[in-house]
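Participant: Letter by letter, the chains look like this.
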Amino acid sequence: MPDKLYDVAIIGCGPAGLQAAIHAASKKSKVIVFGKARKSGLYKAHIANYCCYEKVVLGKEILEVGRKQAETFDAIFLEEDIVRTRKENDLFSLNTESGENFTSRTLILSMGVARNKLRVKGEKELVGRGVSYCVDCDANFYRGLEVAVVGNESAAATGAMTLLSFAKTVYLICRKLMVTDMLYKDLRSSRVKVIEDTWVKEIIGTNEVEGVFLKNGETVKVDGIFVELGAKGALELAANLGVIFDAESFSFIETNKKQETNIPGLYAAGDISGKPWQIAKAVGEGCVAGINASEYAKKLASS
Amino acid sequence: MGQGVLDIDDNNFESEILKADKPALLDFWAPWCGPCKAIAPVMDELQETYGDSIIFARCNVDNSPNAPAQYGIRAIPTIILFQNGNVVDQVVGAVPKSHIEGLVKKVL
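Keeping their order, the protein sequence lines are chains A and B. Read left to right, the first sequence gives residues 6 to 308 (my numbering). Read left to right, the second sequence gives residues 15 to 122 (my numbering).
Since the hints were derived computationally from the structure, they do not count as laboratory data.
Under the rule of at most 30 Å between Cα atoms (straight-line distance), these lysine-lysine pairs were calculated in the BS3-like manner:
{"hint": "1", "chain 1": "B", "residue 1": "LYS111", "chain 2": "A", "residue 2": "LYS92"}
{"hint": "2", "chain 1": "A", "residue 1": "LYS122", "chain 2": "B", "residue 2": "LYS120"}
{"hint": "3", "chain 1": "A", "residue 1": "LYS280", "chain 2": "A", "residue 2": "LYS73"}
{"hint": "4", "chain 1": "A", "residue 1": "LYS32", "chain 2": "A", "residue 2": "LYS304"}
{"hint": "5", "chain 1": "A", "residue 1": "LYS126", "chain 2": "B", "residue 2": "LYS120"}
{"hint": "6", "chain 1": "A", "residue 1": "LYS280", "chain 2": "A", "residue 2": "LYS263"}
{"hint": "7", "chain 1": "A", "residue 1": "LYS129", "chain 2": "A", "residue 2": "LYS206"}
{"hint": "8", "chain 1": "A", "residue 1": "LYS262", "chain 2": "A", "residue 2": "LYS65"}
{"hint": "9", "chain 1": "A", "residue 1": "LYS286", "chain 2": "B", "residue 2": "LYS111"}
{"hint": "10", "chain 1": "A", "residue 1": "LYS181", "chain 2": "A", "residue 2": "LYS226"}
{"hint": "11", "chain 1": "A", "residue 1": "LYS41", "chain 2": "A", "residue 2": "LYS198"}
{"hint": "12", "chain 1": "B", "residue 1": "LYS119", "chain 2": "A", "residue 2": "LYS129"}
{"hint": "13", "chain 1": "A", "residue 1": "LYS198", "chain 2": "A", "residue 2": "LYS126"}
{"hint": "14", "chain 1": "A", "residue 1": "LYS92", "chain 2": "A", "residue 2": "LYS9"}
{"hint": "15", "chain 1": "A", "residue 1": "LYS33", "chain 2": "A", "residue 2": "LYS92"}
{"hint": "16", "chain 1": "A", "residue 1": "LYS280", "chain 2": "A", "residue 2": "LYS60"}
{"hint": "17", "chain 1": "A", "residue 1": "LYS126", "chain 2": "B", "residue 2": "LYS111"}
{"hint": "18", "chain 1": "A", "residue 1": "LYS122", "chain 2": "B", "residue 2": "LYS119"}
{"hint": "19", "chain 1": "B", "residue 1": "LYS111", "chain 2": "A", "residue 2": "LYS122"}
{"hint": "20", "chain 1": "A", "residue 1": "LYS198", "chain 2": "A", "residue 2": "LYS226"}
{"hint": "21", "chain 1": "B", "residue 1": "LYS111", "chain 2": "A", "residue 2": "LYS129"}
{"hint": "22", "chain 1": "A", "residue 1": "LYS49", "chain 2": "A", "residue 2": "LYS60"}
{"hint": "23", "chain 1": "A", "residue 1": "LYS41", "chain 2": "A", "residue 2": "LYS92"}
{"hint": "24", "chain 1": "B", "residue 1": "LYS120", "chain 2": "A", "residue 2": "LYS129"}
{"hint": "25", "chain 1": "A", "residue 1": "LYS181", "chain 2": "A", "residue 2": "LYS126"}
{"hint": "26", "chain 1": "A", "residue 1": "LYS262", "chain 2": "B", "residue 2": "LYS111"}
{"hint": "27", "chain 1": "B", "residue 1": "LYS111", "chain 2": "A", "residue 2": "LYS263"}
{"hint": "28", "chain 1": "A", "residue 1": "LYS286", "chain 2": "A", "residue 2": "LYS33"}
{"hint": "29", "chain 1": "B", "residue 1": "LYS111", "chain 2": "A", "residue 2": "LYS280"}
{"hint": "30", "chain 1": "A", "residue 1": "LYS41", "chain 2": "A", "residue 2": "LYS9"}
{"hint": "31", "chain 1": "A", "residue 1": "LYS41", "chain 2": "A", "residue 2": "LYS280"}
{"hint": "32", "chain 1": "A", "residue 1": "LYS9", "chain 2": "A", "residue 2": "LYS35"}
{"hint": "33", "chain 1": "A", "residue 1": "LYS126", "chain 2": "A", "residue 2": "LYS44"}
Each pair of labels, with its calculated beta carbon distance range:
{"hint": "34", "chain 1": "B", "residue 1": "GLY116", "chain 2": "A", "residue 2": "GLN283", "range": "26 to 34 Å"}
{"hint": "35", "chain 1": "A", "residue 1": "ALA119", "chain 2": "B", "residue 2": "GLY116", "range": "21 to 29 Å"}
{"hint": "36", "chain 1": "B", "residue 1": "GLU62", "chain 2": "A", "residue 2": "THR77", "range": "45 to 53 Å"}
{"hint": "37", "chain 1": "B", "residue 1": "GLU59", "chain 2": "A", "residue 2": "GLN74", "range": "36 to 44 Å"}
The beta-carbon is built from N, C-alpha and C at its ideal position, and this holds for glycine as well.
Same shape as in the complex, but just chain A (with noise of 0.2 Å):
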């Protein structure tokens, strides 16, 4: 038995998530979260159009609270994204950015969606010539090359350091790192050459990918360049577990009303099971997934 063995897991602790570890942990699961607040789109916002809030609230507040409300039941929170998920028998087996592994019987996803282009002149030219948006689609192409990976948090350390196995040089170009200590000492101490405090003005090349050009001036040649903005998202994460996405945009998860996906075990809740992108969906259906998932690992667990 693995000793971090957990009944649900939770990606993302927005609305939808807190709400499934809410639920989840008052029924007796063990529950662990992953995940950073300030990630959630809920955290800079000003809500005033959620039910039983009469005044606008900020998104910062409601989220500590619910977080609160989520440790009275005992789950559990880990400040850290994660950065790859597989299944193995009946388990999902989870890594962190700071490379610790986790199992849980089922998993909630619920990191919500972001934007993933840089949205510079270059980038939409030179897309699949050079231009990828995802290292472990694209590393082997790039044997023997210099490349660049543009990003301040877990996606682009952890794929810079991915990519040190396949190309020549790794440059890591950020604003400010973002990442867990363990994550930071790692990347520091490996061959991965940061330039720090600036970003991607323009990306250079004709045919494919030259260089790129930076907003402090300099221009670093290079033969790829990987956009890996954030945390891993869910394309990353779930594609691999054989999850379907909606057709028409690959940024949903196809859920039905249990919030189930077509994988046995896992759920998707909030805004990355689709549109409206509203506080009041993401916790009803955080509230459904984790009803769900709990009854599913006690099932699980007692089979």
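Chain A is already provided as a structure; the job is to place chain B on it using the hints.
Facilitator: Coordinates of chain B only, in the frame set by chain A:
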């Protein structure tokens, strides 16, 4: 109905795609690639609809490096539409179904 999505490798790429008597939509993918898995069902669906007029195929870049290298592929999934041995158009990444269908309609 066609014959399902055809598996292409470096050995049959020329005969099945370049020298095919019909246009061919070839999806370059790999088993470790999440977005590739996400679009696989879309290719299956489109094959069911348009499989009579167009060849739907996939090439695992892990096992067959030559074909992708020949077309300068540096990101997967990349879907290339071939007709008479030439590239008509291509898309990169997990693009919407309607976008892939748009490619198909170019050669119908």
